[in-house]
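If you read the protein sequences in the order shown, they are chains G, W, P and X. In terms of our numbering, the first sequence opens at residue 1 and continues consecutively. In terms of our numbering, the second sequence opens at residue 319 and continues consecutively. In terms of our numbering, the third sequence opens at residue 854 and continues consecutively. In terms of our numbering, the fourth sequence opens at residue 954 and continues consecutively.
Derived by calculation from the structure, the hints in this document are not laboratory data. Quick reminder that beta carbons are idealized off the backbone N, C-alpha and C, glycines included. A couple of the hints might just be wrong.
Listed next, the stretches of chain G that the computed footprint assigns to chain W, with coverage defined by at least 3 CB atoms under 8 angstroms from CB atoms of chain W [said to hold, decoys possible]:
id, segment
1, 64-77
2, 135-148
Lysine to aspartate or glutamate pairs mimicking EDC-like chemistry, simulated, CA-CA at most 20 angstroms apart [unchecked claim]:
id, chain 1, residue 1, chain 2, residue 2
3, G, K135, G, E125
4, P, K920, X, E1141
5, G, K48, W, E382
6, G, K251, G, D236
7, G, K172, G, E11
8, W, K655, G, E68
9, G, K135, G, E92
10, P, K920, X, E969
11, G, K222, G, E125
12, G, K135, G, E169
13, P, K863, X, E1141
14, G, K113, G, E125
15, P, K920, X, E986
16, G, K175, W, E772
17, W, K803, W, E324
18, G, K57, W, D661
19, G, K48, G, E68
20, G, K251, G, E269
21, G, K108, W, E382
So the derived list for chain G, only partly shown, Cβ under 8 angstroms to chain X, looks like this [as the list claims (entries may be wrong)]:
id, residue
22, N273
23, A276
24, P284
Now for the letters of each chain:
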Amino acid sequence: MMLPNLPLFPERASTIGAGVDHLYFFLLAVAAFFATLIFTLIFVFAIKYRRRPAWNKAQPIHGSLPLEMLWTAIPLALSMVMFFWGAGLYFEHARAPRGAAEIYVVGKQWMWKLQHPEGRREINELHVPAGRPFKIILASEDVIHSFYVPAFRLKQDAVPGRYTSLWFEANKAGKYHLFCAQYCGTNHALMAGWVYVMEPVEYERWLSGGTGSETMAMAGEKLFENLGCANCHHPDGSGRGPSQVGLFGSKVVLAGAPPVIADEAYIRESILNPAAKVVAGYQPIMPTFQGQISEEGLLQIIAYIKSLGRDGKSGTGQ
Amino acid sequence: MSEPTENYLNAGYGLKSWLLTTDHKRIALLYLISITLLFFVGGALAGLIRVNLLTPQGLLVGAETYNRLFTMHGLIMIFFFLIPSIPAVLGNFLVPMMIGARDLAFPRLNLLSWYLFVGGSLLAIVSAVTGGVDTGWTFYTPYSTTYSNSHVLPMAAGIFITGFSSILTGLNFIVTIHTMRAPGLTWFRLPLFLWSLYATSIIFILGTPVIAITLALVGLERIFGVGIFNPGLGGDPVLFQHLFWFYSHPAVYVMILPAMGVVSEIIPCFARKRIFGYSFVAFSSVAIAVLGFLVWGHHLFVSGQSIYAGMVFSFLSFLVAIPSAIKVFNWTATLYKGSIAFDTPMLYAFGFIGLFTIGGLTGLFVASLAVDVHVHDTYFVVAHFHYIMVGGAVMGYLGGIHYWWPKISGRLYPEAWARLSAVVIFLGFNLTFFPQFLLGYLGMPRRYHAYPPEFQVLHVMSTAGSTILGFGYLMPLVYLLWSLKYGALAGSNPWGATGLEWRTPSPPPTEDFEHTPVVAEEAYAYSGEEAEQHV
Amino acid sequence: MTPHVLSLRKYFGVYAALIVLTVGTVAIASLDLGRLNVVFALTIAAAKAGLVGLFFMHLLYTSHRTKIMAVAGLVWLAILIALTLSDVLTRGWLPVSGQL
Amino acid sequence: MSEAGSALATQFDDLEQQHDAATLGMWIFLVTEIMFFGGLFAGYAVYRSMYPQAFAAGSRLCEIALGAINTAVLISSSLTMALAVRAAQTGRRLAIVALLVATMLLGAAFLGIKFVEYGHKYAEHLIPGSGFTYTGPYAQQVQLFVCFYFAMTGLHALHMVIGIGLLAVMAVLAARGRFTPAHYSPLEVAGLYWHFVDLVWIFLFPLLYLVDLHK
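Here chain G stands alone, though its shape is the one from the complex (with noise of 0.2 angstroms):
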């Protein structure tokens, strides 16, 4: 599908990007058959019945019933199959796998700042394996962007004010596009960069390469230190705060609310904005650290809270 300088189409190296392609040649079929048929029925109609003095008289027809129904019903039943077909693949997307490796993004004008849990850091680049899925957590620093890599067919919106994510399973390696689709200011056209898709074994290599091995969960500690997290949060729960320990994903008991399920959205409000949702026996005292900590921090410290344990289980720590 290649001619010189003339691409036709793009490059695929996702596991996800087969099904939307696959769906994508259905959709132009069915466009290709009803707009031959449309401009074949006009072309002929045109010709055959035009003006002349041998035909003169148009025929006096008023309608179809039949005809009605069944162009109702023939887009109907398709348009159904289309919205079927890509709302199974959309919820699909929506859901990463358990397991999946967590890279952290935080857009802002104008470039990605991308961070691995092993903590290699990069810059409108970013290096995954093939065969493994990767979960993307997006933020924001100012507007909003978004992360679009065409070659996986794939774009999130990273919106200021909350995470987003999505996730891929690359499977060819090679060098892709990664973009800024979401219009997001002067040089909304070069914050793009490049995904490098690499043999698992190149992939090793290249993490232990950076200079900084400092992981994310333990940027994220050494924060939860300075920013004095720790004076209360104690790990054992003897603390003014609660403990941290197995918070992430497990169910938190509100003081007159709700419980909520502690995700990424939860622990950044509870930082930035701590009186939002109090746990219960604990007093609302925590002060809002809106304004002293980065989106990268934020990330960083979820990193944190992340590696002390999931669904109220303990972790190893870090």
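Dock chains W, P and X against chain G, hints included.
For chains W, P and X alone, coordinates are given in the frame of chain G:
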């Protein structure tokens, strides 16, 4: 045939007789002049965009200027040309004539709506000449509220004011169609153009106020530095997108519905047949207007909207495809066993069906969740909505202008030139925008002033097409103006069309009809016999 | 054209009902009914709006098409709010492991 | 007939058609007004569902007594407005003028009380922006609520001001004897507008002043 001695054009001379007129026909012409100016401003901006994209680094201008170019192009074309185009020009001219009334229900409100439009456009132009806006026409927060250093305020105010112009137009049409129909003109004898304008007016009434308040809130947030979209206070940027698209998606139907109405007038006339399935075409307009309000969330599939809401919106979006398909099939069936002539309006109508069909079918791609995730905010979407809004709405608009030009001006335009322009526009359009579908699926994001080099060939094709398209649009401007002085006199009914507007002289007298007409038959009662009234 | 004149009694009766409902809404709000508070508040407001619309604005005595217009306004407001909330209220439904 | 003739615009066939068009037109305009306020109501619904505690806390900053009094004032003005239209239907010119003046005075009283409330907010540094000070929990989201408070009541007050201007014109026309039982459409239409403004307040009062008094 001689011109009638007294008509709306010679009923008064001098600026005052125009600027203080309450005659719906003169107001239509005021709109025609204003939006034509704005169309060519918006078109010039598009030309600059296309030239800039000839090279991967950007041929002419840097990022800042480019961002202002595409933003101003979008804003001017959408809010100051496409939305008012057919309703305010052809609608104003034709609604009273098609129902046999002397004027709209509220003529002074009608004049006020033009002044509001002019006021709004002036603010937009002030914003443009003082440096323009760089937010994209969508004004997404928090970029538009906090981060943009461009002239968002005058532009938002301009759109706010122009919105009230749309509201007054819609209100006037609904009241007029309800209360002022000629004796015998029942709802199911109405020309389909009026059904489509009625549906359009519903959107004006119910949608426009929401964008007005939303942009007012954006403006206030810029002025005071705080507001309800501010993420620092817990504000949700996605809420802005909901409110914005609640109007702006139906606004697409504001553009396409009237064009569908025009095509529904032209095809029966030049096929000499009653429209196939009148009531299906009529109700499909209303269905599109109503369903059009339920689908806005398909602009938010990757925005962080809940995936469940995404599924609901995708489902509803597919439902809109059905009334659109019904219309296309009925137009096609109308041709069957007709007596088809290839006058200019008919060529535009054929162009409309072709381009709208492609635009509509590619709509299925972007309504489909998983595919939209890939093509959202790429050139695929750009191509899709240009096929609808330019291929559809502008073709319909030009078809309508050509169809009713003899009525408006009393003159005929040079037919050969006009047919040539229709063909040139059709070819230029396809060359401009078809490559953009390919660019989009390849992954070229929209609103990029610079792009990876492998996309260059397709961009060059697109720019070449836009040059042809630009010439195509200039041609009618020249020959229509020429015809005002040199065109042959048209007579009251040059096409041999049915419809009340053809029963009164061209140009019509100020009071539209000498005697209130009485309607005794259905719309498009073409006998089938070709009456050789053609000049 | 002969206007449809309502009796003074009707106008004052509606007025009295509106005042009573206003007092009622404050009174009910001061009780702790949990989630029902907002339901009561909106129901009473809707009842008051209905009284003003039907009698003061003569909606009860106008043509069907005017009634349809008024109802259309409310239906579209409901569409705007309901579909927007359909997003906001379902954002947290995905399990954490696959949090979008 | 001459009276009717002067009141009839040329595009209409008779006064009944004109009256029909005028009231239908006004109702359509009110529908646009519903949607105009609707954008704010939708935003309010979204944020109230996201931050229920903050909205309850913000609501405590509103003075229920003043809000309730204002509700009564506005309902009373709706009554006098409705009676003014009735006076036109029964052809009592002086009564129309008197009732319109009463309506305007009640409207002015409403705005006066509103002004006092705004004054209190100003004094307590509760105007959104850099000067906003609130020490309780959820300070940011409380500010969000206060943004809604000012946007909604401000837009409503703006409508009141326009309404009072409209009624002033109607009072002058009524004094000049322009309204008869056969032709009072402008007054009826102005009345519809006034009642609509009342309707909006009927919803604003519980949504702003009475949010979860027990949270």
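inquiry  = Please verify whether W:K655 and G:E68 have alpha carbons no more than 20 angstroms apart.
reply    = holds, 18 angstroms
inquiry  = Checking one constraint from the list: CA of P:K863 to CA of X:E1141, max 20 angstroms. Satisfied?
reply    = Holds. P:K863 to X:E1141 sits at ~18 angstroms (cutoff 20 angstroms).
request  = Take the C-alpha atoms of G:K113 and G:E125, compute the straight-line distance between them, and say whether it is at most 20 angstroms.
outcome  = holds, 8 angstroms
message = What's the verdict on P:K920 and X:E986, does the C-alpha distance respect the 20 angstroms limit or exceed it?
response = The given pair, whose Cα atoms are some 16 angstroms apart, holds under the 20 angstroms limit.
inquiry  = Can you confirm whether chain W covers the segment 64-77 of chain G, using C-beta to C-beta distances below 8 angstroms and requiring at least three such residues?
reply    = holds (count 7)
message = Holds or violated: G:K48 and G:E68, Cα atoms, limit 20 angstroms.
response = violated, 23 angstroms
task = Quickly compare the C-alpha distance for G:K57 and W:D661 to 20 angstroms and report which way the hint goes.
result = It holds: about 18 angstroms lies between the C-alpha atoms, which stays within 20 angstroms.
query = Can the restraint linking G:K48 and W:E382 be considered satisfied, given a maximum Cα separation of 20 angstroms?
reply = violated, 54 angstroms
query = Does the structure keep W:K803 and W:E324 at a Cα separation of 20 angstroms or less?
reply = holds, 18 angstroms
query = Has the given pair, P:K920 with X:E1141, been kept, meaning a C-alpha gap of at most 20 angstroms?
reply = Holds, at roughly 16 angstroms.
message = Check the hint pairing G:K251 with G:E269 against an upper bound of 20 angstroms on the C-alpha distance.
response = OK: G:K251 and G:E269 at ~16 angstroms, within 20 angstroms.
message = Closer than 8 angstroms Cβ to Cβ for three or more residues is the test here. Does the segment 135-148 of chain G pass it with chain W?
response = Result for this restraint: holds, n = 5.
Comparing the model with each earlier hint shows violations of hints 5, 11 and 19; every other hint is respected.
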